[in-house]
Amino acid sequence: MGTSGSTCGGTCAEEEQRTEVTVRSPTAQDDLILHSPASKQPSSPRRCSMKSSIDIQKGDLASTKTDVIVVCSTSNFLRENILKLGGDAIQTSYNTQSKNNTTNSLITVATNGKFSSKQIYFLPCKCSEDENLLRDALKNFLATVIKAAAAANYQNIAFPAIGCGKMGCSVQSVAEIMVSEVRCQIKQHPISVSFIIQPERQDIYDEFQKQINSDQPSKKIPNTRTISTSVRNATIEVTMGDITTQNVDVIVINSSAEILKETILNTAGDDIRQSFNAQIASNPNALLTVTSAGRLSCKQIFFLRWKPNVDESILRQSIVDFMWNVIQNILPHHYTSIAFPAIGCGKSACSVNIVVKTMVSEIKREIQKRNLTLKVRFVIEPRQVNVYDEFCKQVLASEIDRSTTDDTLPSTWESPTGNKICFIVPKTSNECKTIATDFRRSMQGSDKEIIKIERIQNPRWYKQYLVHREDFRKTHGNDTEKVLYHGCPENAAYAIAADCFNRSFAGKNGTAYGVGVYFSSNAAYSHGYAHPNSKGERFMFIVRVLIGKTTAGNSSMKTRPVGFDSTTDRNHIFVTYHDAQAFAEYLITYK
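Quick note: the sequence shown uses the working numbering, first residue 28, plus one each step.
Hints were generated in silico from the structure; no laboratory data involved. Keep in mind that a hint or two might mislead.
[Claimed, not checked] Cβ-Cβ distance ranges computed for the label pairs, FRET-style:
id, residue 1, residue 2, range
1, Thr-461, Lys-576, 42 to 52 Å
2, Ala-539, Asn-560, 44 to 54 Å
3, Ala-522, Arg-259, 41 to 51 Å
4, Asn-560, Lys-288, 25 to 35 Å
5, Trp-351, Glu-458, 43 to 53 Å
6, Arg-467, Leu-436, 22 to 32 Å
7, Ala-308, Pro-588, 43 to 53 Å
8, Lys-288, Pro-588, 39 to 49 Å
9, Lys-576, Asn-312, 42 to 52 Å
10, Pro-588, His-558, 23 to 33 Å
11, Val-510, Gly-445, 34 to 44 Å
12, Asn-180, Ser-90, 16 to 26 Å
The structure displayed is predicted, hence computed values, not measured ones. By construction, the Cβ of each residue, glycine as well, lies at the ideal position given by its N, Cα and C atoms.
Whole structure, please, built from the sequences with the hints as guidance.
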């Protein structure tokens, strides 16, 4: 059974109330005697039976007297400097292990008296300016190194501040992540940890000291926005967050996803890792491996083997099988809640649309077929905004079949005939005159002949838009809808009318403010993208767009930034990244 204990991602407040750890910062005298550790006289630091501590020192990592010094092998400058100081023997040992190290695993080199330490640990760490990627990288780096040092019965270890040099990571983020993760790790693996900071980097020293002196380390709270819908007696949720923190009966993991698997095992603890490894050793071909939760808040962890495939039909079937196996194995235990990550949407680079649509449709099918009373939660990493958006779209699709107070079709719509979507608005109607007047005004005096105005009557798209609009109102507390223009060629116009502004249109009208779908409050601007057909006719949509919370965009943005719904030029251009975020009301054909 799982406990409500903390994970090693910086959420250790409860544990720290029960287990006291030595946490100290050096005095000014400490800085002067860094290279003579034996002469240090700490001023009564708080001790515990675990004999663990965290401290910070100014000095040179290479001359630090400790059992282990840690080198981020991705840092070329530090790695080469250490190897040069170590001489031929250490260089040869490192090179020999590197050639055989195809998995980028830990390399340990004995110093043999060349340094004040006994061992040097080399491990790569792919730091990133993206804070979520940085957090994952540093957590795995620290967990791997500290576990290895503790297993070898070393008593102390020294780290540099990783990522704060040429890698350009945020000093505040690095300090917060490293200190909070070390706090958690030394509860599992008793060891004393020192952070060695270059004397000239007072900014780094101050930030680490601030984090170390804090009883409750600062925690960055990710975007935890959640949407949900009901399917019969079940609830399906989509949330941005950390799969390791979910308080559900079962957490499901793709056992072939090495990074996520390692994160889960590191967080759950050594007992769970041993249980997992023992089961794999006894049955290496097992499709499903089940363990208890360890330090996680769930009851069980399902490690289910799954591999992506470039063949779309095989990919779909593999996801169907994955979801079926999960449901089949929770039924005997009468579990009522389960959490899934977005499988295949990270390094596997599978089609997000195929993966998400299949996962959601299959779970709905299982719920309806078996009449399950179940809470299903899809947990998406905060950096995967496009994946979150796609899950929201697929999950909310179930809501459009339910009657609400806000889903009645517009009174101007005509009775549908067959599959007809575009209806010509009579030129004598007030509806047509109002649209034409606004269009001509926005064209800034350009004398254009309006050939026809068509009303877009696409109930499926319209109802999806209403659900999205209601969600925006609840989130932002006000109406952020704008009426904007979108110019495009004829073939794109009728494809949009039938299937909305889906992501296949992203970037068609440029990417200066993000790789999304572009709209403008200025029809004269959109006119530049309404390329004429062979008859000289041009096409422009009048669109209702949910702006939400917007921010300045740039060409590197492939999805909306976390915490925002759209990007903009801060003038008349708005870029959206979600299919249901805009609804085309009218299509104007003009010359």
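Hint-by-hint comparison with the structure:
1. Thr-461 - Lys-576: 42 to 52 Å: 30 Å, violated
2. Ala-539 - Asn-560: 44 to 54 Å: Given about 26 Å between the Cβ atoms, the range is violated.
3. Ala-522 - Arg-259: 41 to 51 Å: 35 Å, violated
4. Asn-560 - Lys-288: 25 to 35 Å: Because 54 Å falls outside the window, the suggested range is violated.
5. Trp-351 - Glu-458: 43 to 53 Å: Since Trp-351 and Glu-458 have Cβ atoms about 50 Å apart, the given range 43 to 53 Å holds.
6. Arg-467 - Leu-436: 22 to 32 Å: At 28 Å between Cβs, range holds.
7. Ala-308 - Pro-588: 43 to 53 Å: With a Cβ separation near 44 Å, Ala-308 and Pro-588 satisfy 43 to 53 Å, so the hint holds.
8. Lys-288 - Pro-588: 39 to 49 Å: 29 Å, violated
9. Lys-576 - Asn-312: 42 to 52 Å: 49 Å, holds
10. Pro-588 - His-558: 23 to 33 Å: 31 Å, holds
11. Val-510 - Gly-445: 34 to 44 Å: 29 Å, violated
12. Asn-180 - Ser-90: 16 to 26 Å: 24 Å Cβ-Cβ, so the 16 to 26 Å window holds.
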